[in-house]
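Line by line, the protein sequences are chains A and B. Quick note on numbering: our numbering labels position 263 of the first sequence as 263, and the sequence is numbered without any gaps. Counting the second sequence from 1 gives a position; our numbering is that position plus 311.
No lab work stands behind these hints: they were computed from the structure. Remember, predicted model here, so these are calculated numbers, not experimental data. Positions of the beta carbon are idealized from the N, C-alpha and C atoms, including for glycine. Check each hint, because a few of them may be wrong.
Stated by the list, open to error - Here are some chain B residues pointing at chain A (derived, C-beta under 8 Å):
| # | residue |
| --- | --- |
| 1 | Q406 |
| 2 | Q410 |
| 3 | V412 |
| 4 | L415 |
| 5 | N439 |
| 6 | Q514 |
| 7 | A567 |
| 8 | L578 |
| 9 | A579 |
| 10 | N584 |
| 11 | P704 |
| 12 | H715 |
Stated by the list, open to error - No more than 25 Å apart at the CA atoms, straight line, and that leaves these computed lysine to any residue pairs for SDA-like:
| # | chain 1 | residue 1 | chain 2 | residue 2 |
| --- | --- | --- | --- | --- |
| 13 | B | K730 | A | A127 |
| 14 | B | K468 | A | A59 |
| 15 | B | K490 | B | K685 |
| 16 | B | K373 | A | T136 |
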Amino acid sequence: MTSTQKLAERPRTFVYDRAERRLAVRMVAPSLILMFLVAAVPIGYAIWLSLHQYSVRQAGLSRFVGLDNYLDALSSGAWWSAFGQTFTFTAASVSLELVLGTAMALLLNMTFRGRGLLRTLVLLPYAILTVVSAITWQTMFEPTLGLVTTVLRGLGLPGGDIVWLGESGYAMAVIVLADVWKTAPFVALLVLAGLQVIPDEVYEAAELDGSTKWTTFVNITLPLLKPAIVLAAIFRTMDALRVFDLPFVLTRGANGTESMSMLAYTELRENRLVGEGSALSILTFLTVMAVSVIYIRFAGGNIRAAAQEKQ
Amino acid sequence: MKASMPAGRRRLAKSVVATVAMGVLLAGCGGTPATSPESTAAAVDLKSAEGAKGDITICGGKDASGIHKNTTAAFHTANPTINAKYVEIGSSTDQQRTQTVQRLEGKSTECDIFMMDVTWAPEFAAQNWLLDQTPVMEKIKDRLIPSTAQTALYDGKYWATPFYTNAGLVYSAKGKVAKPSTWQELYAEAAKAPGNGLVYQAQQYEGLTVNFLELLYSAGGEAVNDKGEVKIDSPETREVLQFMADGIKNGSADRAVMTYKEDEARLAYESGNFGYERNWPHVYRLLNNTKLAGKFDVSPLPSFDGKSAASGVLGGWNFAISAFSQNSGAALAYINFATTPEWQKHVAIDSSQAPVNEAAYSDPEVLKAMPFAKELLASVKGAKPRPQSPVYPQISQAIYKNVHSVLSGSASPDEAAKKMAEDIKTAQDSF
Numbered sequence: 001m002t003s004t005q006k007l008a009e010r011p012r013t014f015v016y017d018r019a020e021r022r023l024a025v026r027m028v029a030p031s032l033i034l035m036f037l038v039a040a041v042p043i044g045y046a047i048w049l050s051l052h053q054y055s056v057r058q059a060g061l062s063r064f065v066g067l068d069n070y071l072d073a074l075s076s077g078a079w080w081s082a083f084g085q086t087f088t089f090t091a092a093s094v095s096l097e098l099v100l101g102t103a104m105a106l107l108l109n110m111t112f113r114g115r116g117l118l119r120t121l122v123l124l125p126y127a128i129l130t131v132v133s134a135i136t137w138q139t140m141f142e143p144t145l146g147l148v149t150t151v152l153r154g155l156g157l158p159g160g161d162i163v164w165l166g167e168s169g170y171a172m173a174v175i176v177l178a179d180v181w182k183t184a185p186f187v188a189l190l191v192l193a194g195l196q197v198i199p200d201e202v203y204e205a206a207e208l209d210g211s212t213k214w215t216t217f218v219n220i221t222l223p224l225l226k227p228a229i230v231l232a233a234i235f236r237t238m239d240a241l242r243v244f245d246l247p248f249v250l251t252r253g254a255n256g257t258e259s260m261s262m263l264a265y266t267e268l269r270e271n272r273l274v275g276e277g278s279a280l281s282i283l284t285f286l287t288v289m290a291v292s293v294i295y296i297r298f299a300g301g302n303i304r305a306a307a308q309e310k311q
Numbered sequence: 312m313k314a315s316m317p318a319g320r321r322r323l324a325k326s327v328v329a330t331v332a333m334g335v336l337l338a339g340c341g342g343t344p345a346t347s348p349e350s351t352a353a354a355v356d357l358k359s360a361e362g363a364k365g366d367i368t369i370c371g372g373k374d375a376s377g378i379h380k381n382t383t384a385a386f387h388t389a390n391p392t393i394n395a396k397y398v399e400i401g402s403s404t405d406q407q408r409t410q411t412v413q414r415l416e417g418k419s420t421e422c423d424i425f426m427m428d429v430t431w432a433p434e435f436a437a438q439n440w441l442l443d444q445t446p447v448m449e450k451i452k453d454r455l456i457p458s459t460a461q462t463a464l465y466d467g468k469y470w471a472t473p474f475y476t477n478a479g480l481v482y483s484a485k486g487k488v489a490k491p492s493t494w495q496e497l498y499a500e501a502a503k504a505p506g507n508g509l510v511y512q513a514q515q516y517e518g519l520t521v522n523f524l525e526l527l528y529s530a531g532g533e534a535v536n537d538k539g540e541v542k543i544d545s546p547e548t549r550e551v552l553q554f555m556a557d558g559i560k561n562g563s564a565d566r567a568v569m570t571y572k573e574d575e576a577r578l579a580y581e582s583g584n585f586g587y588e589r590n591w592p593h594v595y596r597l598l599n600n601t602k603l604a605g606k607f608d609v610s611p612l613p614s615f616d617g618k619s620a621a622s623g624v625l626g627g628w629n630f631a632i633s634a635f636s637q638n639s640g641a642a643l644a645y646i647n648f649a650t651t652p653e654w655q656k657h658v659a660i661d662s663s664q665a666p667v668n669e670a671a672y673s674d675p676e677v678l679k680a681m682p683f684a685k686e687l688l689a690s691v692k693g694a695k696p697r698p699q700s701p702v703y704p705q706i707s708q709a710i711y712k713n714v715h716s717v718l719s720g721s722a723s724p725d726e727a728a729k730k731m732a733e734d735i736k737t738a739q740d741s742f
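So that you can see chain B by itself, here it is in the shape it has in the complex:
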């Protein structure tokens, strides 16, 4: 028995090698990938929404603000022939994206509408996963804030319809620090006393790209221009990187920001140990539930040294109709409903999200529910989209990894600016 062991093992090894080899061959026969591009995506038919009926499913992230629950309920009341259901497919944006991609890759008919982060449209449109929504957008574009419409644009067509938007704000502690008008003022004030510091999001992730681009856009710089040319290797990039690194070195911003995402920054600020916080509008409601209630001001993002106008980076969520939807007519009816000026007011009043319809911001009821509506509108109107490209995830990595290495002191602003441009070009060269 003992003597036969090695021989048996050798035979086993041989058969394993053989099965692996067969696996390679079989996979080669079975998984024949198409080698030629598929035809272009279809556009939605506006007439299909009339008299639509049946069930539709909207798939998106965790419905923390209740906006989707409210919208599906109100939609059903207005359109009794259609049942709309909202399904949560991920608790974080990353998870939601993975889940969305898996469904689309598998041509799943489960979801008729996908909630799309504003950076996803080009990538998904390039894979023919979405219906072309240009006809819808042409009809309603005039009542949208122009910057929000731009996030759905790729290759001359609109691939999504904005539902609600988002832009960064600065929260400042009343009586401790002044409301800032430039980033320089903010940083100087923040460095004056230990309790004045700024918290923002500088962990190595998407949020750091946003925080960096807000400063870069305000300083008059850009990452990638409209023609897709890389413009990030610029004096503005170096200046902003130096400014951010100095801010951490001299204590304007706590070094801990390098481990912060939105929630960590919010929790740190709620401890009362800081003067300023850069975060999204949803923080307003949460801050008012803490001991800091009523003790803070909200302002739009400041300008950079008064050079150019202040500019933020646009966030928010859009509706995309899946190319595999079995009921695109009803999906379209849902989008039509959710983007009406009337419902856009409810987006703010019932769920404290930022409407994409400009008129909503001056509605008295909205102003009551969202006292900082004026500041928010200013931020949203001034905000620009992030680079729009099918390889956006790689472009964003090129930005946040290099910014992070400047903040941690492992690269100089000059090295990082060059590396960013190089990495973005590599990303753009992806097959």
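Okay, chain A solo, but in the shape it has when bound:
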């Protein structure tokens, strides 16, 4: 840090500046090229594909259609229902994950015997492949033999006779449950990291001032945790908006659970409508981008402010 400051303070000569710039360009070039290859080229190619239609009836036939694929998608009921269903899923799962994840983090932050073991155990669901956990949930909710339905029936509780994955509403509930089970530990991990940087002195001061546990939590812990929680919310929202494997395995998109990504997959892979499918992928991408921009605009300030405070 200090050496760079010294460099900057030196009187700049024109020649030196140019040489330095050239060096800078050369040093940055590899990573720029890499970024270009791995990120921009595929996205650019997908945009290119989305402006065309490729015939499924005649080999090698294609045509340029401009924005038609987008207009078709935006005027179709299928896109908008997938859009609505994806947002419903996202809102339900992310809010539950934040609440549960924060609660888990608070518990894990306490000092008790076997804390290390518990921290590892709590993370287990996150280590399991989504497809595998989806198949497990599907088996558990199987109507005649599944664990959940059998237990509910055995205890005489309501829900034992429901075909969970075969009815709208219930099917979405199972998908949200499967997602929360898997990713609440991830949120817990991020929040736990946030908890551990809060200095003990703050709590000691609060205790001296006679603050109750609840007021301490609301007025000290929560505000200081906000950057961590916002970060978790951004990560989870991005992921949830692109959800694919859970509905694909659990319902194949039936009963009001088809997501934007599933719709794009069906067009691209099953129907081989490359142009139309690419347009749907780009629309999904733009939706996720838009949401992240909104997040960063409204919540990003918190992260930056907090980061600056820490400095």
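Chain B: place on chain A using the hints.
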């Protein structure tokens, strides 16, 4: 340092925009797609099979019954100059299709023969991915069950050769329920007692299209006729949809079927809580390994209210030769071997699959290995193919999504029948 951050970020944003824009331009230069149709596919040369040698690879799904292992081994014994290898390229039909498409799109020479589901030929043929097998089929067609040959037909040519076939059967619990002769009888019997219920496949997937079309064909309806005209918006469709929805409402069929594919239905039936099961022939062997062994009957699919003859929907697998095969002569020799009447018997005896050769069904050894061969032949002969079109995946979606919404109660049979016709027309209008 802090002050320079926003400027740096702005510059970064600019360069990202620039790279994306360049990506679009570059992709435009690099990925020039052909805009004119390619010439038509070549036909196989019958003479090329004579004296063929070298290696061939057959690519297909998981070889659960061992049929491909048996066939490649026997083929090598009969043709020592050719080494045939079977490669599994996907555990489910969906995966297998994706893997097949990827190889063909990339003009891969890895696979000489692809195992093709009976609905794939038109779509792949339209992309010039397959060799025209009309000369082979003209030679052996007479000994095939006619309905099986029809599944390889598209645009007046044969694009594949049937290897083994498949048709739905009804399994019924002995002593609990009667063998059905009409679907109405079956549903009535199934509703009589809680343990009599029917299980079938009604998850939102290809299997639901099959289950629905079996009823529709039997009721005298059709989805798309030979000329490609959409005929699904019909009184028969409404009647069948109403019948299926009522069946779930009054308990003839368990509501859980809406989450069942083949395996789920089989497992549910094996619990002994049901009277009837609609499933494929492979279930016979599996059921005999459970506590239900010997306690069930097998019958061909029943008719619909005795109106028309009973009719199923044809399944099964065909051989297609890849247009990019480097050894199509040896591939042809393999197909010739696998479709001989002699080997077709082994298809049933060694691997419990349904032969495409009619004579095999009356062979004593086959009857011993497959006691329900007579019922199976009746089902196969009565079965019709699904609509044959390069846009079949979309047509099937139009059917199963709308049938599913009637079963779940979110659409009426009338709405669904109209929507199906509309969706199929949209599919047919695909570029």
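Structure-based check of each hint:
no. : hint             : verdict
1   : Q406             : violated, 10 Å
2   : Q410             : violated, 11 Å
3   : V412             : holds, 7 Å
4   : L415             : violated, 11 Å
5   : N439             : holds, 4 Å
6   : Q514             : holds, 6 Å
7   : A567             : holds, 4 Å
8   : L578             : holds, 7 Å
9   : A579             : holds, 5 Å
10  : N584             : holds, 6 Å
11  : P704             : holds, 5 Å
12  : H715             : holds, 6 Å
13  : B:K730 to A:A127 : violated, 43 Å
14  : B:K468 to A:A59  : holds, 16 Å
15  : B:K490 to B:K685 : holds, 15 Å
16  : B:K373 to A:T136 : holds, 22 Å
Violated hints for the displayed structure, listed by number in ascending order: 1, 2, 4 and 13.
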